[in-house]
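Asks: Protein chains in written order, with my numbering: chain A, 1 to 224; chain B, 1001 to 1246.
Everything labelled a hint here was simulated from the structure, so no lab data went into it.
Just to be clear, a hint being listed does not mean it is correct.
Unchecked claim - Cβ-Cβ distance ranges computed for the label pairs, FRET-style:
| hint | chain 1 | residue 1 | chain 2 | residue 2 | range |
| --- | --- | --- | --- | --- | --- |
| 1 | A | D188 | B | V1045 | 33 to 41 Å |
| 2 | A | T136 | B | G1023 | 55 to 63 Å |
| 3 | A | Q139 | B | G1023 | 56 to 64 Å |
| 4 | B | W1005 | A | K224 | 56 to 64 Å |
| 5 | B | V1045 | A | Q139 | 47 to 55 Å |
| 6 | A | K224 | B | I1212 | 45 to 53 Å |
| 7 | B | Q1153 | A | A48 | 49 to 57 Å |
| 8 | B | L1026 | A | Y15 | 52 to 60 Å |
| 9 | B | Y1003 | A | L135 | 32 to 40 Å |
| 10 | B | P1170 | A | Q126 | 22 to 30 Å |
| 11 | B | Q1153 | A | D3 | 29 to 37 Å |
| 12 | B | P1064 | A | R50 | 46 to 54 Å |
What the hints assert, rightly or not - Non-contacting residues of chain B with respect to chain A, defined by C-beta distances greater than 10 Å in every case (computed):
| hint | residue |
| --- | --- |
| 13 | L1029 |
| 14 | M1053 |
| 15 | T1147 |
| 16 | Q1153 |
| 17 | Y1157 |
| 18 | L1159 |
| 19 | V1232 |
To be verified - Below, simulated DSSO-like cross-link-like pairs (lysine-lysine); rule was C-alpha separation at most 30 Å, straight line:
| hint | chain 1 | residue 1 | chain 2 | residue 2 |
| --- | --- | --- | --- | --- |
| 20 | A | K185 | A | K84 |
| 21 | B | K1141 | A | K224 |
| 22 | A | K185 | B | K1101 |
| 23 | A | K21 | A | K185 |
| 24 | A | K84 | A | K21 |
| 25 | A | K224 | B | K1138 |
Bear in mind the structure is a predicted one, so any value in this text is a computation, not a measurement.
Just so you know, even glycine gets a beta-carbon here, dropped at the ideal spot from N, CA and C.
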Amino acid sequence: MYDFDWSSIPGAVPYLWTGAKTTLEITGVAIVVGIIWGALLAVMRLSANRTVAWLAAGYVNLFRSVPLVMVILWFFLIVPSLLKAIFGEGIADIRLASAFTAFALFEAAYYSEIIRAGIQSVPRGQVSAAYALGLTYSQAMRLVVLPQAFRNMIPLLLTQAIILFQDTSLVYVIGLADFFGAAYKVGDRDGRIVELLLFAGAVYFVICFGASLLVRQYQRRLAK
Amino acid sequence: MAYHWNWGIFFAKVPSGGTTYLGWFLQGLQWTVIISLSSWILALVIGALLGVMRTVPNRWLSGPAAAYVEIFRNIPLLVQLFIWYFVVPELLPVSIGTAIKSSPPLLQQFLAGMLCLGLFTAARVCEQVRSGIGALSKGQKNAALATGLTLPQTYRYVLLPMAFRIIIPPLTSEFLNIFKNSAVISTIGFVELSRQAQQLVDYTAQPYEAFIVVTLAYLILNVIIMAFMRWVELRARIPGFITTGK
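Next up, chain A with everything else stripped away, as it sits in the complex:
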């Protein structure tokens, strides 16, 4: 049988924590930018202007048909040359910047679908009533439709955030040391890949399972 040796983990905690911070940063940026840009896309998609709706639909469908790995690689190709063009050489960590961009733009496509469904779940009468009160389109959206829509879709948005948190491990493909990347590196260095991978899996499981339990509890309270 395999002899487990967990002794390389305690010493590696500070390094793993640095990785975990990268994971959290990417998740955080992608959630914030993704929801804002996703909400804009959703509103655009429901707009009466055909061209605008079509552009937003094209964006969403494009990002949803391509593997995340490809999206990360695409932005790792495009962003550095763009950044260099704008700021000149000497940007500290191009990989992190391209990961932020890739995840934010990619997640926006998924968030926009959730938000669109949420907006469509608000009864039409609400919009008509808002118009009857003399609100403009943007006022009706901002003050009447979106607040209700967001309440309906919070559980789905949170679930998507959990998926996003797991997906950030894919920055491995551009060699960025997030939590998973850090764990892999430590395992590789000490010849303890088995232990470190199992440890990383357990940490992800505890966080994601815990979070999904909370979401479910919240959902149940919402349903009451």
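Guided by the hints, dock chain B onto chain A, whose structure is given.
Replies: Here is chain B on its own, set in the frame of chain A:
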């Protein structure tokens, strides 16, 4: 930023000769399709089994199935893949582990990739099957049992045929996901489509051509699968039930 476009690069010979860069691309495409389809079959079989287990009125069956779903859903796919590829061979009895480790790398990567992707997607298929069975009216099951069918027969002839038809749309998106997720297997060195894209960049120094062609290939795969599943949905339609399409 002057980029030198050269689409003719795909017809140039690779350094080792024998094939062109287009040939490499097609090989990558072929492996993506093969590993996705084999994982999909695995996912459907195990997912259906788990879905049934979750709905059966027996805790010893529904408990483990629920645990399976939580475990496979709450660990990132990449971590699962690395566990299948690096950890599992170490934990198996030494003789089997050595046999695996001394087999050709392509076989190791394929097996780890297929098991990982198949079992990961099975958890999602299970949830769909469960919700499909849950969406059927209770009368279906009761009527089936009342006509004298046993519980396994009820599942086989009544519940599953109905549930699978209901869940074709969500299964379509899982089917699409499996193709997209197969790109993750590139991380253990399996040369499928997205790995081939990186290899083309390394060898040809024409990144945009390589990435555009590979991205288009994924888009086309998507369109083909959606068309195929729509066809399945129409073929499987039960007269008198409301479904999408005409």
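Asks: Determine for every hint whether it applies to the structure shown.
Replies: Against the structure, the hints:
1. A:D188 / B:V1045: 33 to 41 Å: 35 Å, holds
2. A:T136 / B:G1023: 55 to 63 Å: 58 Å, holds
3. A:Q139 / B:G1023: 56 to 64 Å: Roughly 59 Å apart at Cβ, these two residues keep to the hinted range, so it holds.
4. B:W1005 / A:K224: 56 to 64 Å: 60 Å, holds
5. B:V1045 / A:Q139: 47 to 55 Å: Since V1045 (chain B) and Q139 (chain A) have Cβ atoms about 53 Å apart, the given range 47 to 55 Å holds.
6. A:K224 / B:I1212: 45 to 53 Å: Because 51 Å falls inside the window, the suggested range holds.
7. B:Q1153 / A:A48: 49 to 57 Å: Since the Cβ atoms of Q1153 (chain B) and A48 (chain A) sit about 54 Å apart, the hinted range of 49 to 57 Å holds.
8. B:L1026 / A:Y15: 52 to 60 Å: With Cβ atoms ~42 Å apart, the hint is violated.
9. B:Y1003 / A:L135: 32 to 40 Å: 48 Å, violated
10. B:P1170 / A:Q126: 22 to 30 Å: 29 Å, holds
11. B:Q1153 / A:D3: 29 to 37 Å: At roughly 49 Å between Cβ atoms, D3 (chain A) and Q1153 (chain B) fall outside 29 to 37 Å, so the hint is violated.
12. B:P1064 / A:R50: 46 to 54 Å: For R50 (chain A) against P1064 (chain B), whose Cβ atoms are near 52 Å apart, the range 46 to 54 Å holds.
13. L1029: 13 Å, holds
14. M1053: Fine: 20 Å to the nearest Cβ keeps M1053 (chain B) off the interface.
15. T1147: Answer for T1147 (chain B): holds, closest chain A Cβ roughly 36 Å.
16. Q1153: With a cut-off of 10 Å, Q1153 (chain B) remains clear of chain A, as the shortest Cβ separation is near 34 Å.
17. Y1157: Holds, because the least Cβ-Cβ distance between Y1157 (chain B) and chain A comes to about 34 Å, which exceeds 10 Å.
18. L1159: 25 Å, holds
19. V1232: V1232 (chain B) is indeed farther than 10 Å from all Cβ atoms of chain A, at 19 Å.
20. A:K185 / A:K84: This hinted pair holds, its Cα atoms lying about 29 Å apart.
21. B:K1141 / A:K224: 29 Å, holds
22. A:K185 / B:K1101: The hint holds at about 21 Å.
23. A:K21 / A:K185: Since the Cα atoms of K21 (chain A) and K185 (chain A) sit roughly 16 Å apart, the hinted pair holds (cutoff 30 Å).
24. A:K84 / A:K21: 26 Å, holds
25. A:K224 / B:K1138: 24 Å, holds
Of the hints listed earlier, those the structure fails to meet are numbers 8, 9 and 11, in rising order.
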